[in-house]
Amino acid sequence: MYYRNIPYWVKNKMVHVKSKELENNNQNEIGYLNINVFQYVLKTPIEGAIVKVSTLTVTGLYRENGLGVFINTDISDQDGKVPTFKLPVLKEENEYYIVSVQAPDYHTAYLIDVPIYPDVTTFYDIYLRHYSSGGDPDYEFIMQPQIIRQ
Numbered sequence: 004m005y006y007r008n009i010p011y012w013v014k015n016k017m018v019h020v021k022s023k024e025l026e027n028n029n030q031n032e033i034g035y036l037n038i039n040v041f042q043y044v045l046k047t048p049i050e051g052a053i054v055k056v057s058t059l060t061v062t063g064l065y066r067e068n069g070l071g072v073f074i075n076t077d078i079s080d081q082d083g084k085v086p087t088f089k090l091p092v093l094k095e096e097n098e099y100y101i102v103s104v105q106a107p108d109y110h111t112a113y114l115i116d117v118p119i120y121p122d123v124t125t126f127y128d129i130y131l132r133h134y135s136s137g138g139d140p141d142y143e144f145i146m147q148p149q150i151i152r153q
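Offset between the sequence shown (1-based) and the numbering used here: plus 3.
Please keep in mind that the hints were generated in silico from the structure rather than gathered at the bench. Model, not experiment: these values are computed from the prediction. Check each hint, because a few of them may be wrong.
Here are the simulated EDC-like cross-link-like pairs (lysine to aspartate or glutamate), alpha carbons at most 16 Å apart as the crow flies [unchecked claim]:
#1 K46 - E98
#2 K55 - D77
#3 K94 - E32
#4 K84 - E50
#5 K89 - E32
#6 K89 - D108
Distance ranges between label pairs, derived from CB positions [stated by the list, open to error]:
#7 H133 - T62: 37 to 43 Å
#8 F126 - L59: 31 to 37 Å
#9 Q81 - N31: 22 to 28 Å
#10 Q42 - V72: 18 to 24 Å
#11 Y113 - Q81: 39 to 45 Å
#12 N68 - P48: 24 to 30 Å
#13 G51 - F126: 16 to 22 Å
#14 S135 - N68: 36 to 42 Å
#15 L45 - V72: 34 to 40 Å
#16 I101 - S135: 26 to 32 Å
#17 P107 - N68: 18 to 24 Å
#18 D116 - L64: 19 to 25 Å
#19 H133 - N75: 22 to 28 Å
#20 V61 - N31: 19 to 25 Å
Each residue gets a CB set at the ideal place from its N, CA and C atoms; glycine is no exception.
Can you make the complete structure from the sequences, with help from the hints?
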């Protein structure tokens, strides 16, 4: 017999039915992401860099599972500017934005846990290293944004 108010077990974790909260979908808050792509040494803009934005949802009792969902992609112009991405603010604790920046003959840069806040534009200036630079890694992680409130 099923009782609505009795707690139940879910994968070795106690969950109480009444403690689940329903999200208010009427408050879809939007933030913005602005990315510029430059060459590392010369500080010149890189045209044709591909920027991909995805979400990563981490699940599991030990955070052992992840699900990535591609959201949008765009290409930098001759000034190295990528059109501004309009993104929903993530509400869940285990959801993250991940951005990859790729250009021919350059190492790929990954931005992990990109913050998106309501009515705020987050700016990243990405400096890609050319393959000819000796001793550099195959990829680079960038963690620090500039945040400007609109």
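Consistency of the hints with the structure:
1. For the suggested pair K46 and E98, the alpha carbons sit about 33 Å apart, so the restraint of at most 16 Å is broken.
2. This hinted pair checks out: K55 and D77 have alpha carbons roughly 7 Å apart, not beyond 16 Å.
3. Note on K94 and E32: the hinted pairing holds, with a Cα-Cα distance of about 10 Å set against a maximum of 16 Å.
4. With a CA separation close to 8 Å, the supplied pair K84 and E50 stays within the 16 Å bound.
5. Our distance criterion of 16 Å between C-alpha atoms is met by K89 and E32, whose separation comes to about 10 Å.
6. Taken as a hint, the K89 and D108 pair is broken in the structure, with Cα atoms around 29 Å apart against an allowance of 16 Å.
7. Between H133 and T62 the Cβ separation comes to about 38 Å, which falls inside the hinted range of 37 to 43 Å.
8. At about 21 Å, the beta-carbon gap between F126 and L59 misses the expected band of 31 to 37 Å.
9. Range check, Q81 to N31: about 34 Å between beta-carbon atoms, so the 22 to 28 Å window is missed.
10. Separation of Q42 from V72 is about 31 Å and departs from the stated range, judged on CB atoms against 18 to 24 Å.
11. The hint said 39 to 45 Å for the Cβ distance between Y113 and Q81, and at roughly 24 Å that hint is violated.
12. For the hinted restraint 24 to 30 Å between N68 and P48, the CB-CB distance of approximately 39 Å leaves it violated.
13. Checked against the hint of 16 to 22 Å, the C-beta distance between G51 and F126 comes to roughly 21 Å, which is consistent with it.
14. In this structure the supplied range 36 to 42 Å holds for S135 paired with N68, their Cβ-Cβ distance being about 39 Å.
15. Between L45 and V72 the C-beta distance comes to about 35 Å, which sits within the given range of 34 to 40 Å.
16. For the pair I101 and S135, the beta carbons lie near 27 Å from each other, so the given range of 26 to 32 Å is met.
17. In this structure, P107 and N68 break the distance hint of 18 to 24 Å, their C-beta atoms being roughly 34 Å apart.
18. A beta carbon spacing of about 21 Å between D116 and L64 agrees with the range 19 to 25 Å that was offered as a hint.
19. Against the hinted window of 22 to 28 Å, the Cβ-Cβ separation of H133 and N75 comes to about 27 Å, which satisfies the hint.
20. Evaluation of the 19 to 25 Å hint for V61 and N31 yields a pass: the beta carbon distance comes to about 22 Å.
Checked against the numbered hints given earlier, the structure breaks hints 1, 6, 8, 9, 10, 11, 12 and 17 and satisfies all the rest.
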